[in-house]
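Asker: Based on these hints, arrange chain X on the given structure of chain A.
Protein chains: 2
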Amino acid sequence: MELSHIEHIGIAVKSIDEARKYYEGILGLTCYAVEEVKDQRVKTAFFKIGQTKIELLESTDPEGPVGKFIEKKGEGIHHIAFATKGIEGVLQDLDASGVNLIDKTPRKGAEGLDIAFLHPKSTYGVLTEICEDKNK
Amino acid sequence: MELSHIEHIGIAVKSIDEARKYYEGILGLTCYAVEEVKDQRVKTAFFKIGQTKIELLESTDPEGPVGKFIEKKGEGIHHIAFATKGIEGVLQDLDASGVNLIDKTPRKGAEGLDIAFLHPKSTYGVLTEICEDKNK
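Residue numbers (my numbering), protein chains in the order written: chain A, 1 to 136; chain X, 1 to 136.
This is chain A alone, in the form it adopts within the complex (with noise of 0.2 angstroms):
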């Protein structure tokens, strides 16, 4: 399994309106793409920092499963996201190892990447997302 690097840092907010105030004025990070991701119930928002993206998540509805972790655990970092190529084989490889698979195949996230979810009980606490670029 070839995970390369961080793709995306997913962090929960009330507003992305409010919160971009930290991420731009005081950080210095640029927001380059908006975008709702209708499936998950999501307003997203990214920034760029070397490798990796600030994925800013601000739920579209209390019964979402972003709006549900604010309610439950206030806003904070949601999810890591490994990029990989190959999404499909390390799907197989982590189902095989016994990794609780929330999406058993990839489906589409922001930004058009094929991506899937392992559930934090067998990631040791952490929501995890592999996900793969599949037109780099």
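A portion of the hints provided could be inaccurate.
Said to hold, decoys possible - Label-pair distances were calculated between CB atoms; the ranges are:
no., chain 1, residue 1, chain 2, residue 2, range
1, A, Ser4, X, Lys72, 31 to 37 angstroms
2, X, Lys38, A, Gly89, 40 to 46 angstroms
3, A, Lys134, X, Asn100, 37 to 43 angstroms
4, A, Ala33, X, Lys136, 27 to 33 angstroms
5, A, Gly89, X, Gly74, 27 to 33 angstroms
6, A, Asp61, X, Lys136, 41 to 47 angstroms
7, X, Lys38, A, Asn100, 33 to 39 angstroms
8, A, Ile102, X, Glu24, 18 to 24 angstroms
9, X, Lys48, A, Thr105, 28 to 34 angstroms
10, X, Lys104, A, Thr105, 45 to 51 angstroms
11, X, Cys31, A, Lys21, 34 to 40 angstroms
12, X, Ser4, A, Ala33, 17 to 23 angstroms
13, X, Ala33, A, Lys121, 26 to 32 angstroms
14, X, Gln92, A, Ser4, 34 to 40 angstroms
The hints are simulated quantities; they were obtained by calculation from the structure and are not laboratory data.
Glycine residues also receive a C-beta, built at the ideal position from the N, C-alpha and C atoms.
Answerer: Chain X only, in chain A's frame:
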């Protein structure tokens, strides 16, 4: 303020020996260092992936910061660390911007880095570390 990349992601685990089975045996990362940081009351284990390190944190004291984190929230992502140059100036800028600094001046962290933490109340729920490797 120049933040160049995500230096590391700190992940709180109950047992580094257990969690290594996942990070090494399943994800295929290599643990290149294990180090105790006495003033933080943790044992750390480092894995490199691209520009970023995964830093597993095992508490050596239930009353220490990671021990309390796990008791309250369970295992999971504990903090993210941004790499910078000129950390003293960066901290002054953050202070002037109204960010609540846990460390007003840098102290020594794992791997000999100069580090300082920002309070999650000022950073939309994300315990954030700023660090500089002055040997580079």
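Asker: Could you run down the list of hints and mark each one as holding or not?
Answerer: Hints versus structure:
no.: 1; hint: A:Ser4 x X:Lys72: 31 to 37 angstroms; verdict: 34 angstroms, holds
no.: 2; hint: X:Lys38 x A:Gly89: 40 to 46 angstroms; verdict: 43 angstroms, holds
no.: 3; hint: A:Lys134 x X:Asn100: 37 to 43 angstroms; verdict: 42 angstroms, holds
no.: 4; hint: A:Ala33 x X:Lys136: 27 to 33 angstroms; verdict: 31 angstroms, holds
no.: 5; hint: A:Gly89 x X:Gly74: 27 to 33 angstroms; verdict: 31 angstroms, holds
no.: 6; hint: A:Asp61 x X:Lys136: 41 to 47 angstroms; verdict: 45 angstroms, holds
no.: 7; hint: X:Lys38 x A:Asn100: 33 to 39 angstroms; verdict: 36 angstroms, holds
no.: 8; hint: A:Ile102 x X:Glu24: 18 to 24 angstroms; verdict: 23 angstroms, holds
no.: 9; hint: X:Lys48 x A:Thr105: 28 to 34 angstroms; verdict: 29 angstroms, holds
no.: 10; hint: X:Lys104 x A:Thr105: 45 to 51 angstroms; verdict: 49 angstroms, holds
no.: 11; hint: X:Cys31 x A:Lys21: 34 to 40 angstroms; verdict: 38 angstroms, holds
no.: 12; hint: X:Ser4 x A:Ala33: 17 to 23 angstroms; verdict: 21 angstroms, holds
no.: 13; hint: X:Ala33 x A:Lys121: 26 to 32 angstroms; verdict: 28 angstroms, holds
no.: 14; hint: X:Gln92 x A:Ser4: 34 to 40 angstroms; verdict: 36 angstroms, holds
Violated hints: none; the structure is consistent with every hint.
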